[in-house]
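Once you've looked at the hints, dock chain B against the given chain D.
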Amino acid sequence: MAMDRATKIMPALQGLNKEYVGVMKLHKNVAEDALQKAVKKFTGKIKQTPPVRSAVARRERERTVHSLEILEVDGREVLFKISCEAGTYVRVVCHQIGKEIGGANMTELRRTKVGRFDEKSLVRMEDLADAYHDWQSNGNDRIRDMVLPVEAAVEHIPKIIIKDSAVFAIASGSALYTGGISKLSNNINPEELVAIITLKGELVALAKSVMKSEEMMRKKGLAAKTDSVIISRDVYPKM
Amino acid sequence: MDFITKSEDLPSDYGKYPGARTAEELLNSGLVILDKWPGPTSRDVTSTVKRILNRKLVGHSGTLV
Chain D
-14 MAMDRATKIM
-4 PALQGLNKEY
6 VGVMKLHKNV
16 AEDALQKAVK
26 KFTGKIKQTP
36 PVRSAVARRE
46 RERTVHSLEI
56 LEVDGREVLF
66 KISCEAGTYV
76 RVVCHQIGKE
86 IGGANMTELR
96 RTKVGRFDEK
106 SLVRMEDLAD
116 AYHDWQSNGN
126 DRIRDMVLPV
136 EAAVEHIPKI
146 IIKDSAVFAI
156 ASGSALYTGG
166 ISKLSNNINP
176 EELVAIITLK
186 GELVALAKSV
196 MKSEEMMRKK
206 GLAAKTDSVI
216 ISRDVYPKM
Chain B
5 MDFITKSEDL
15 PSDYGKYPGA
25 RTAEELLNSG
35 LVILDKWPGP
45 TSRDVTSTVK
55 RILNRKLVGH
65 SGTLV
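Protein chains in written order, with this note's numbering: chain D, -14 to 224; chain B, 5 to 69.
The shape of chain D in the complex, shown without the other chains (with noise of 0.2 Å):
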């Protein structure tokens, strides 16, 4: 869950990749060897098309599916963990995987991971409701340990780090030019989301580059232009 200022960094976190435990159940009783190739199948490159209930185009669409394993098996349910790229619909892959062994619909499934995001880093509802009412009746801070700061959800982005000078601009909707930039990561590319970061490590606002890395460091003009403004525009004054 992103909080006020942070809501509009949901871009950043749609294309990571994901981690699921999940339970699949077999509509005919299938022998390991055979499940196991079956299942080997849909790892590497996959085709699918995405169900009916879906917000996306119902178009058959290539993902990858980085690992796919079994954990367990216990008669017809078969516990499993898949590490897929964003986008991939793992109740598809289990009626993908049904196809080859006569049968097999998705009756369990937990994300496990997203993007660096796992479940050490998860909180319980009760936990945060507990801590938020310890720091509002006795000040007592423990909740800073259950919030992550919005920084951590562009860690795998690349970044433009600026000025103190050029923060305001930015952060008051203007786009950045070359003259803002102080340090910068050397794998941009045009039309590329990245993260425009103060020199203390605040992100000031989710952007889309307009030159290369290389392009950056030499050439004058429009490097990046803002998408949405994270840092509130009274942090850092007009310099």
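A portion of the hints provided could be inaccurate.
[What the hints assert, rightly or not] Covered stretches of chain B (chain D as the covering partner; in silico rule of three or more C-beta atoms under 8 Å from a C-beta of chain D):
#1 16 to 27
#2 36 to 49
[Stated by the list, open to error] Distance condition first, Cα-Cα at most 30 Å in a straight line; then the derived DSSO-like pairs of lysine-lysine:
#3 B:K10 / D:K148
#4 D:K197 / D:K185
#5 D:K205 / B:K54
I should point out that these hints are in silico values taken from the structure, not numbers from a laboratory. All C-beta atoms, glycine included, are put in the ideal place defined by N, C-alpha and C.
For chain B alone, coordinates are given in the frame of chain D:
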């Protein structure tokens, strides 16, 4: 990811290192990786979090099944 330097700059006195944020500052622009159990929808959970943490805006990154 490697960084290249275009110009040597030092931070001014404005702003704050993300690790030095207070609870209020974190809540104003932070993320919570919530352990959602089956049952309530992501929308239900979003509005509960919004209420218990007294926030104006809470969003979720969706569950893809």
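Do the hints match the structure? See the list:
{"no.": "1", "hint": "16 to 27", "verdict": "holds (count 10)"}
{"no.": "2", "hint": "36 to 49", "verdict": "holds (count 6)"}
{"no.": "3", "hint": "B:K10 / D:K148", "verdict": "holds, 11 Å"}
{"no.": "4", "hint": "D:K197 / D:K185", "verdict": "holds, 24 Å"}
{"no.": "5", "hint": "D:K205 / B:K54", "verdict": "violated, 44 Å"}
This entry does not satisfy hint 5, going by the numbered hints stated previously; all others are met.
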